[in-house]
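Note that the protein sequences, when read in sequence, are chains A and B.
Counting from 1, one number per residue, gives the positions in the first sequence under the numbering used here.
Counting from 1, one number per residue, gives the positions in the second sequence under the numbering used here.
It should be emphasised that the hints constitute simulated quantities derived from the structure, not laboratory data.
Just so you know, not all the hints are guaranteed correct.
Unchecked claim - Not close to chain A: a few residues of chain B, all C-beta gaps over 10 Å, as computed:
#, residue
1, M1
2, R4
3, E5
4, D20
5, E22
6, L24
7, I66
8, E75
9, N87
10, I89
Unchecked claim - Which bits of chain A does chain B cover? Going by a derived footprint, with three or more residues having C-beta under 8 Å, they are:
#, segment
11, 304-317
12, 333-344
13, 351-358
None of these values were measured; they are calculated from a predicted model.
For each residue, glycine too, the CB sits at the ideal point set by N, CA and C.
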Amino acid sequence: MTMLENFTIKSLLDAYASKKVSKEEVFNAYLDRIEKYNQTYNVYVNFDRETSMQNFKDMQFQDGQILHGIPYGLKDNFIHKNNFVTACSKLLEGFKPSFDSEVVSKLKKSGAVSLGMVNTDEFTCGASSETSIYGPTLNPYDTTCVSGGSSGGSAALVPLDFGVFAMGTDTGGSIRQPASFCNAVGLKVSYGRVSRSGVLSMASSLDSIGHLTKTVYDAALVLNATAGLSKEDSTTFANQIEDYTKFCGEDISGVRIGVPVEYMDETVDSEVKEKIQAAIKVLESKGAIIKEVSLPMTKYGVAVYYIVNPSEVSTNMERYDSIRYGRRSEIEPKELLDIYLDSRSEGFGIEMKRRILVGSMVLSAESYESYYLKAQKVRTLIINDFKKVFEEVDVLVGPVCPIPPFKVGEKSQDPVTMYTVDALLTPSALAGLCGISVPAGFNSNGLPIGLQIIAPHGCEDRLFKVGHKFEQETEYYKQTPDLI
Amino acid sequence: MLDRELVLKLAQLSKLKLSDEEVLKMQNDLGGIFEYFDILNSVDTQGVNPTYQVSGIENVVFEDEIHDINVTPEELLNCSNFPKVDNQIQTNSIL
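Taking the hints into account, I'd like the entire structure generated from these sequences.
Spelled out as structure tokens, the structure:
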């Protein structure tokens with residue numbers, strides 16, 4: 001099994017090409033590893049070796065597939081035929097969908113094979129994977145800490161080698177933040193870059209489909225398989241780029257990099273700041289032009305996000321009536337309303353109930369103007385902030401998260417404290433921009449810190465160019481945890 | 001802290017039944033959350049248009065044609081935990 005450790009997509013494809021290993025042997029070795037260690041970290045949920053093997057047997061492998069024989073983990077909110085898909089909620093307990101989400105179909109066509117479903121906050125609502133009905137995913141580098149969220153399972157999978165990559169979703173930071181907490185590369189695509197069809201909706205004006213990988217090159221490769229215009233999702237736009245990997249390795253001299261002062265202020269932990277400053281020095285030494293910029297609306301991002309998001313959550317959660325699919329309450333209903341009330345009240349966890357209530361409140365006639373409309377206007381100002389700085393710079397860099405990974409239970413009692421963890425992620429999400437988290441080293445406790453790179457909508461190429469150069473110079477992804 | 005009556009009203013609108021303990025928790029939590037939202041009062045938004053979507057795409061149209069999604073009615077019906085009668089899901093009466 002040692003031979004499988006540290007495979008990137010690129011190195012595994014090379015190993016297949018030179019016939020060093022077979023697909024089946026590799027897939028089985030990943031399953032062995034998951035069976036041995038998953039109990040400690042709680043990455044896979046509803047894991048069942050037979051289902052995983054069936055996924056493998058159902059594959060139609062062909063030569064030339066860009067992800068030929070690559071085993072990966074799927075966040076538990078992607079519809080996947082014949083697999084339990086629960087959004088880590090009691091409400092969807094026992095739900096086995098009868099079709100694949102569009103992204104899963106595309107990955108299948110590309111030759112990638114799913115090992116199973118991985119942990120997330122319930123319906124992706126959270127920043128630590130602690131709202132999952134299955135409990136939190138523990139951090140691979142310190143099991144007393146969270147792996148972040150909502151894509152906590154997807155992020156922890158990467159350094160643990162529980163798969164070569166994982167799919168995730170980022171609505172307000174849910175890929176980039178856990179990636180930063182787990183020393184993984186996490187790509188949040190521009191809104192509309194990848195079809196959301198068949199992925200359980202959380203907040204529809206924000207949801208984006210991305211992935212978590214060991215390297216920036218791998219992130220570009222997976223995007224080659226998933227990106228593009230879709231008839232199933234009318235927010236998608238045509239893909240102008242056929243091969244995103246070609247930007248990995250490009251020279252960054254002359255690239256203008258902005259550092260927002262608001263992303264490096266007194267709220268940022270001193271060790272996080274140190275690592276980010278060191279990262280900026282690395283980019284500067286490669287010829288990038290560093291410029292201090294300002295995004296004055298940053299401080300309003302979390303408030304805007306937590307008005308817009310619950311509004312859309314409360315609307316999207318209306319569909320869960322327990323009638324067409326999902327868990328049904330065992331209480332005998334007297335009338336139709338009882339079915340909704342009992343199933344929803346038993347099925348949704350406390351954070352979901354909180355967001356649904358906040359959404360109902362801010363969308364009510366009397367609060368609409370003072371909260372919802374106000375937030376959507378401030379959202380415009382946040383977007384204008386970004387537009388203005390992108391006239392002067394090509395990308396922005398800063399920390400992904402102002403703090404390193406925190407302890408399990410440390411923030412779960414106070415919703416506002418938890419919400420502010422994503423202070424540096426929600427503004428770019430509200431603007432529909434793309435961003436990437438790239439490993440930037442470790443603090444004195446050995447906990448990972450991530451460098452965030454943000455580019456304008458549709459400019460993922462810049463993320464790969466700058467991110468890859470930084471990774472080549474530092475190679476922090478090679479520092480893997482000791483498994484217990 | 002939000003009024004108990006307001007939380008109960010919101011729960012009713014949201015088709016949720018809350019225990020007494022949950023109502024108290026929501027009064028507290030939502031109170032804190034709405035207090036946090038007050039930060040937006042200091043932003044001047046006069047003359048600013050709201051943003052409802054960021055795709056920049058408008059009026060996407062497709063031919064109205066049936067396309068194969070490889071799912072049978074039986075498979076979809078099987079997802080439901082309610083009794084099925086004549087290829088339909090049976091629930092309690094609506095009225």
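Hint check results:
no.	hint	in the structure
1	M1	holds (14 Å)
2	R4	holds (13 Å)
3	E5	holds (13 Å)
4	D20	holds (13 Å)
5	E22	violated (7 Å)
6	L24	holds (12 Å)
7	I66	holds (13 Å)
8	E75	violated (4 Å)
9	N87	holds (13 Å)
10	I89	violated (6 Å)
11	304-317	holds (count 4)
12	333-344	holds (count 11)
13	351-358	holds (count 5)
In summary, the numbered hints that this structure violates are 5, 8 and 10.
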